[in-house]
Structure formats: structure tokens, C-alpha cells
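There are 2 protein chains.
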Amino acid sequence: MIHDFIYDIPVKVYFGRDQLHHLGGELKKYGTRVLMTYGGGSIKRSGLYDRVVKELREAGLEWFELPGIEPNPRVASVREGARLCKEHGIDVLLAIGGGSTIDATKWIAAAACTDRDAWDFFDPAILAPVEKALPVLDILTLSATGSEMDCGGVISNPDTKDKYGRMDPLLLPKVSFLDPSNTFSVSAYQTACGGADMLSHIIEVYFNMDQDLYMLDTFMEGLMKTIIKYTPVAIREPDNYEARANLMWASSWAINGFIDGGKRQAWSCHPMEHELSAIYDITHGLGLAILTPRWMTYCLDETTVSKYVQFGVNVLGIDPDQAPMDIARQAIDRFSTVLFDTFGLSRTLPEVGIDDTHFAVMARKAVAGGVLPGFKPLRQEDVEAIYRMCMA
Amino acid sequence: MIHDFIYDIPVKVYFGRDQLHHLGGELKKYGTRVLMTYGGGSIKRSGLYDRVVKELREAGLEWFELPGIEPNPRVASVREGARLCKEHGIDVLLAIGGGSTIDATKWIAAAACTDRDAWDFFDPAILAPVEKALPVLDILTLSATGSEMDCGGVISNPDTKDKYGRMDPLLLPKVSFLDPSNTFSVSAYQTACGGADMLSHIIEVYFNMDQDLYMLDTFMEGLMKTIIKYTPVAIREPDNYEARANLMWASSWAINGFIDGGKRQAWSCHPMEHELSAIYDITHGLGLAILTPRWMTYCLDETTVSKYVQFGVNVLGIDPDQAPMDIARQAIDRFSTVLFDTFGLSRTLPEVGIDDTHFAVMARKAVAGGVLPGFKPLRQEDVEAIYRMCMA
Chain A
560 MIHDFIYDIP VKVYFGRDQL HHLGGELKKY GTRVLMTYGG GSIKRSGLYD RVVKELREAG
620 LEWFELPGIE PNPRVASVRE GARLCKEHGI DVLLAIGGGS TIDATKWIAA AACTDRDAWD
680 FFDPAILAPV EKALPVLDIL TLSATGSEMD CGGVISNPDT KDKYGRMDPL LLPKVSFLDP
740 SNTFSVSAYQ TACGGADMLS HIIEVYFNMD QDLYMLDTFM EGLMKTIIKY TPVAIREPDN
800 YEARANLMWA SSWAINGFID GGKRQAWSCH PMEHELSAIY DITHGLGLAI LTPRWMTYCL
860 DETTVSKYVQ FGVNVLGIDP DQAPMDIARQ AIDRFSTVLF DTFGLSRTLP EVGIDDTHFA
920 VMARKAVAGG VLPGFKPLRQ EDVEAIYRMC MA
Chain B
560 MIHDFIYDIP VKVYFGRDQL HHLGGELKKY GTRVLMTYGG GSIKRSGLYD RVVKELREAG
620 LEWFELPGIE PNPRVASVRE GARLCKEHGI DVLLAIGGGS TIDATKWIAA AACTDRDAWD
680 FFDPAILAPV EKALPVLDIL TLSATGSEMD CGGVISNPDT KDKYGRMDPL LLPKVSFLDP
740 SNTFSVSAYQ TACGGADMLS HIIEVYFNMD QDLYMLDTFM EGLMKTIIKY TPVAIREPDN
800 YEARANLMWA SSWAINGFID GGKRQAWSCH PMEHELSAIY DITHGLGLAI LTPRWMTYCL
860 DETTVSKYVQ FGVNVLGIDP DQAPMDIARQ AIDRFSTVLF DTFGLSRTLP EVGIDDTHFA
920 VMARKAVAGG VLPGFKPLRQ EDVEAIYRMC MA
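Chains as they are written, first to last, in the working numbering: chain A, 560 to 951; chain B, 560 to 951.
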């Protein structure tokens, strides 16, 4: 059965090299006092910071800054951003960075409009409603999370070792500036992690036995082929515009909601990975890369094999004239080769310094005391088994 | 070179069988006085009219009606709609129908906000600016033109034998209701014409030697495969929900602008077809089906063959291990088979009662006194030659 759905993604995207002259005009639609948020100093080294400041100045905008937003952004940054918004009467937020900066900025936008503590939005015992949020615009500098075109954000709390993602329509960016050349400086390692993250966003939706629109399956297959084709090009030639452009636009469409088409959503690897990176602070895309092929192997059986065949034939070009189980196993092998050989990512958890100390705790948290209702429902012992498969 | 572009499609879409209960709430966001527009009586026979009236009544809305909007809608309908809007102080328009009804309603929305005559928007000597437009919502009943998710409309003027399309961002529908079951009653012939129209929307963008995002090419290929796969299913089984759903969502994405990706736009078959249907009033999709394979044959040479190969291999499944020209010719043949045998559309102009009387005039109009800057630039004599190729 094909499900009903609502499509509603009113983000305006300026895509390309020569679009930043629209920034001032777009910001001014929402006010005159801007909080600019960013991470480390890379936007200063690349010259992007100076170009943005020039636009803000020419537009006559007043701005304040919150630098230092970390990868796997922490609730402390959200609190600090909200404090700055209140102190300076901020009208509009401008996030410059990748998913971490944009995620944090979305929740700053919400936290700025309430007297509650920012963690109240995430604490499962509270889950404070988002009643209002400041408008967010962004300039993307890393193709991976799709935060530039969705309404979610993931925030970590090192005190409680929790990491939660949450979505709210009020957090959707108003305008995103996607200039592929802003990702030329992304390292080979981060490019590979970004590719793995994007692939995972699609695989979490694609590997689903709920019926789908064929039209959306073909789109997902095209996105996966795009990422598999261009990630290695961008790793080898960091300033290849064609590769960066394809990856950037694919990253947005991998997770903006279009591909869901009303299917019962059932993500598996993301919740398992969130527990990993909540404790170990490893790069999200790397954690996903290590987990995904093991999860595929764990979930393969007669009831699920048809999806692996579709993936293997349509995305990886495997000869369809073979037994389904053979095609499925080849698909997992070939996908592992893509991630670990072509993208060059680490293959096991020990390679990245993670042992089995916390597997039981992580598994219990991942299933939230019950069942992870994914492609195949996973209990705590299943998740722990998948973590163990990542040891070698 | 990959071009810059702006992506901005803030149409909200309610997709599926059970969405009409959102209608009243969505209309009320824009006002209380509604003009409902529709074509022939099919929405009364299908029961859709009654369901809409029930929603309007329950929402406490006051409504007026403009029935009788014709296929290839005429400027007289636009004038009449604008008059009704002014007379009754209409706040919001609700189009129920296919592309013709929605197109006409968009221009009613613009004409209602000016004292000019409606044809002033199209008369090439005037091209009156669109300064304001009433909000338009729609309930789609035919998958073909994509008008439910774009900001354009084509209007005919029988007095001058002109037919012009024009786009303006102010005409973008606010909300579109896409219920595939509303297309169950579409005849086999109209279903085939719709499939041909959608394919043409994609082909006009896909057949372009300007560099493209690979990611968008794969999406276009997926859309074309979807339409080729499901149009015959919907012809054979008019109430096959899966087929109607895939065709409906594909029709919107074939022309909402996403696939353009900033490429230099260069449509060929649509301008040639508009001249045909301006004089003969044949169904737009049928005209496109007859013209497109001939246009493909006419434009095939060493400089363009690579695009035909990509189309033949990725969309039609032709064996790639052959000489490019052979693949290209097979692609045209196989595509003709799809349109004329599988979809069952008429193959030649004489079959639909059109002779060569007006070819010269039509060709001159199609190139607007110069060159049609398409996939391959076409002069008047080229267009005339393509029309002649449609004789047998």
C-alpha cells in the first residue's frame, strides 16, 4: 500500500558560485540584527568570512558572532547562542558551516524564544514544545547532513552522555546558500565521511519493506549512484566543481523528506551510530560506514532479500541473472569495498580506538528499552551483536 | 560548465486518498470568499464536486463557481473568471481539474488584480507585468502538465489563432491536492496523452548539450522510466492506484523546475506543438507524441549523438556495446514504439486530420521570425521539415 504524505519544503536555495550577493537582501527580509554562527576558523582561512562580512556591511546589517560550534554540537553552544540572541535582540540567525553548525543554530533559534533551558527540548522526560523560533539562514560548507534543507538538528549533552535528534517544522531554514566551491577545502577524510553519511540517509529509507513509489526508488538509486561516483573524485581532486556540486545537491535531497513519500519511517543505523558518537565523539559518517554493512548482513534473510537485489542490480550494477541470495551477498561486499577501499574509511571499531566496553549500555539506549523498529526490528541483543560484528 | 540556479518551489502538496479534510483549513488561511473553477461535468459525475462542497460548507466558506473551462483554455474564460472575482470580492481561487483548468485559474488570479484586459499578459507587443495575483489552490484530476507545481499557464486566443505560455512566480499555487484516485476516470486516450506530455517535459530538458548535474540526469531517467512503466498499466487498469500515484507525482516533478538545474533552457517540441494546437485544437500531449520522434531524428548528428546514447541505454535499456549511431537510431525506434504502440497514440498528422496547409505559417510563428534556440537551433525551414516528417 502506498501511503498518503504531505510534501512541504519551502526552503529557498541559492546554488552556485556567484550567489552571495543575494545574502544581504534575504537577511533583511527578517530584520536588521544578525547572529552569525560558525565552527572553527576554517571560514576565516578560506576567505568566506570576509565575503560574508562585506555583504552584511553593504546591506547595513548589525551583527554579532558565536564562533566555536563543535562537531557533534553540544547543548552548551545552544545555551550560549540563545543567551546572545536575548542579550542583543537578534532578529535572524546566519549559520555558516556544515550540519553541526546548522543543527546547533536551529536549536539556538528555538531556545532564544523561550525561558526554558535548551536541554528541555531533548530531555525525554520533558520534550518541551517548540512554540516559536527565530528565522535561520545558512551558508553550507560541508555536504553531508542535509541540515540545510530539513527541519531537524542533533544535539549532544556530554554530562549525560546523551545525543538526541529532533525535528520541528519551525526550524526549517528560510534560505540556504549552496556554493560547491565552499567545500573545496573539505579534507579527503571528511569528504569520505560525508559520502557515507549521505548514503546512509538514503539507505535508511530505501531498505524498507513498506511499499514505495517506484518513482522515488529510482530517485534514491540515482542519488546513491551520484554519491558513489563523485565521492572518490572529490577525494582525489578536492577542487573538482562538478563532483562537489553533485555531492552538495545530492546531500540536500538525500534527507529533505522528498524520498520518504509517506513510508513508515524506520531508521536503524542512525540510532545505533548516535550511541557510538555520544560516547566516543567519532565522526558520524565514519560510525555509519562501519555499522551499515554489518547491519545489512545481520538483516539479510528470505523476507528481506528482494531489497538487496534491487540495490545490488540498480545501484551497484551487479548481474541480475543470479540467485537472489548471491546477489545480496555480492551487494554487501561491493558496498563494503566502496566504503572501506574506494572512500578509504576505517573498517572496524578497534581501528578507531573503540572496544566493547560500552556495547551493552549503548545497545540498551539505542533500542530505548524496547525494540528499534527498523528495516528489521532489532532488540538490545541484536544491536549488541551488530556492534560486535564491527570488531573485526 | 555547471550553472548557478535558484531553487524555490514553496508549493505545499497533500498527496493521497485521504487528504481533502485539509481543504477548508488551507483555504481559510487566505480568506472566506472562494471562486471554484472547473471544466466539464466530470467532477460532478465522479462525486468530487460534492466532496469539495461538503468541505467548503463545513469550513463556513462562501463560494462562487466558474464551470466550463475548456481544454486549451481560452482567454474568454480568463476574462470571465476575472470579472467574477471583481464582482464577488473573491479572496482565493480553487481550481479543480487538469492543467487547462489550473492554467486558466492562475491567469484569472492575475487578471482579477488589474483593470487591463487579460490578453495584455500575452500579447507580445504589451506583455503586461504581473504585479499581484490572488492565491490559487488546486485539486488535480489529470496527471500531465505539472501546472499544480509550477508558476506557468498557457492560454489560447481563437481570434488571433495565438497560444502563449507565460510564467510568473506570483502564480505558483499555494497548495495542491494530489489524489491519484481522482485520475481513475481519466480515459485511456487522455492517460496516453498525459504520459506523452510528461515525457516531453523531461526530454525538452534532458536533450540539451549544456552540461548538467549527473544527479539530475539520473532523476530525469528515473522519471522517464516511471512514465514508460506505468502509463500502459494505467491505460489497461484505470483504477490501479500504484500506477496513477507514480504518474501523478512524476508529472509534478517533470516540470516544477527541479530538473532544470540552471541549464540554459531550450525547448523545441513544445513551441512547435503550440502552433499545431493553436490552429487545430488537438490534444497537446498527442501533438507532442507525433512531433518528438521526428524532431529527435532531425537533430541526430555526430555532435548530439551522445545524448541519444545516454537516453537509449539508461532509459530504454538498449545494449551499450554498439556503435553510438546505432544505439541512437534504436533509441528513436524504441521510443516511437512506446508512444505509438504501447501508449496507442496516433502516429501521423493526417491520422488526426491535419494536412500541410498551415505548415509554413506555423513554422514561422514557432521560430518567432528567427531561430528556435533548442537542443539544436531550428530555423523556419527546419521546423517546416519536421512538420512534413509527421505526414507519414
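Hints in this document: simulated from the structure, not taken from any laboratory.
Please note: incorrect hints may appear among the correct ones.
Since the list gives no way to pick out one identical chain from another, each pair is judged satisfied if it fits inside one copy or across any two copies.
What the hints assert, rightly or not - Heads up, simulated PhoX-like pairs for lysine-lysine below, C-alpha to C-alpha not over 25 Å straight-line:
{"hint": "1", "residue 1": "K571", "residue 2": "K588"}
{"hint": "2", "residue 1": "K935", "residue 2": "K571"}
{"hint": "3", "residue 1": "K613", "residue 2": "K935"}
{"hint": "4", "residue 1": "K645", "residue 2": "K587"}
{"hint": "5", "residue 1": "K788", "residue 2": "K822"}
{"hint": "6", "residue 1": "K733", "residue 2": "K645"}
{"hint": "7", "residue 1": "K691", "residue 2": "K784"}
For which of the previously enumerated hints does the structure constitute a violation, in increasing order of number?
2, 3 and 7
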